[in-house]
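Student: With chain A fixed as given, assemble chain B onto it according to the hints.
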Amino acid sequence: MANRSASRSFSAVDAVIRAGIVALILGTAYIHSTLGGLLFTLNAAGYVVAAIAMIAPIALASRFRWVIRVGLVGYAAATIVGWAVQGPYFSTAYIAKAIEVALIAVVAVDFIRFDGNPIALVRRELSSGMAFVRARRAAAAA
Amino acid sequence: MKRLATTLTLVALAAVLAACSGTSAAPTAAPSADPDALRISSKDLTFSTDKLVAPAGEAFQIVYDNQESAPHNVAIYADQGYSQKVLVEEPFSGPKVVTYSVPALDAGTYYFRCDLHTNMKGTIEVE
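Chains as they are written, first to last, in the working numbering: chain A, 1 to 142; chain B, 143 to 269.
These are calculated hints, taken from the structure and not from any lab test. Glycine included, each C-beta is placed from N, C-alpha and C at the ideal position. Just to be clear, a hint being listed does not mean it is correct.
[To be verified] Only pairs whose alpha carbons sit at most 27 angstroms apart, straight line, appear in this in silico DSSO-like list of lysine-lysine:
no., chain 1, residue 1, chain 2, residue 2
1, B, 185, B, 263
2, B, 185, B, 238
3, B, 227, A, 97
4, B, 227, B, 185
5, A, 97, B, 263
6, B, 193, A, 97
7, B, 238, B, 193
8, B, 193, B, 227
9, B, 263, B, 193
[Unchecked claim] Across the chosen pairs, the derived CB separations fall in these ranges:
no., chain 1, residue 1, chain 2, residue 2, range
10, B, 250, A, 74, 41 to 47 angstroms
11, B, 223, A, 122, 25 to 31 angstroms
12, B, 250, A, 119, 53 to 59 angstroms
13, B, 245, A, 57, 56 to 62 angstroms
14, B, 192, A, 52, 46 to 52 angstroms
15, B, 220, A, 48, 38 to 44 angstroms
16, B, 192, A, 130, 43 to 49 angstroms
Chain A extracted, bound-state conformation (with noise of 0.2 angstroms):
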């Protein structure tokens, strides 16, 4: 399973965005942590989970690494969604929903640094899988 992400070094820019996906998702995760209520606080306790996963230095962390960016571009879309819907509209919510635009930006060109076409990923991953379920049978059948 041939991964673009896992087998990437990793440059001083790659460092530099990496900090600051990690300083939006903080950013965004305190706003929330102080709004009071469960589903703020779960909201914030989500990011940091996000946060968390953005930077562990685990294989398993590292070889899904574009499966967490796209969560977490997924993750923070849904939050400003909801928060378009319901409300409310005020200073310190504006500054939550630019915090997690700029996050969805900055992720989108790490994900286009280390994992590329997303497209490409997509199918890439497919065959991977099928090259797998291939494998397992076969050994099944032996």
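Tutor: Just chain B, lined up with the frame of chain A:
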């Protein structure tokens, strides 16, 4: 390179914490209150009352005492769907007391809530 990433992450974290350590923007409500002002407070994500009574046809004030750090407001609406705004100020963090100046209202039932924690709500009977 991992050391650089760790250092940058810690610097970024410190910057975020420093930037976020301030309080949220102050609401624009009037700072002083008259003796007949309605009074309400909140603590543990609960308003002290779910019913206020105000006089019809004359402006009045609501003194709101937010006793916790979580930001709240007392937003007043003319309908139960909270779509027709009567008075909506920014939520603010406590402990802090703010006085809202409410314009004269026709007799009837109005609805208030915290816009941030919408389970915190009640009615204002204007009579």
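Student: Give a verdict on every hint.
Tutor: A quick look at each hint next to the structure:
no. : hint                              : in the structure
1   : B:185 / B:263                     : 13 angstroms, holds
2   : B:185 / B:238                     : 12 angstroms, holds
3   : B:227 / A:97                      : 23 angstroms, holds
4   : B:227 / B:185                     : 24 angstroms, holds
5   : A:97 / B:263                      : 25 angstroms, holds
6   : B:193 / A:97                      : 34 angstroms, violated
7   : B:238 / B:193                     : 21 angstroms, holds
8   : B:193 / B:227                     : 18 angstroms, holds
9   : B:263 / B:193                     : 9 angstroms, holds
10  : B:250 / A:74: 41 to 47 angstroms  : 44 angstroms, holds
11  : B:223 / A:122: 25 to 31 angstroms : 42 angstroms, violated
12  : B:250 / A:119: 53 to 59 angstroms : 58 angstroms, holds
13  : B:245 / A:57: 56 to 62 angstroms  : 59 angstroms, holds
14  : B:192 / A:52: 46 to 52 angstroms  : 41 angstroms, violated
15  : B:220 / A:48: 38 to 44 angstroms  : 40 angstroms, holds
16  : B:192 / A:130: 43 to 49 angstroms : 59 angstroms, violated
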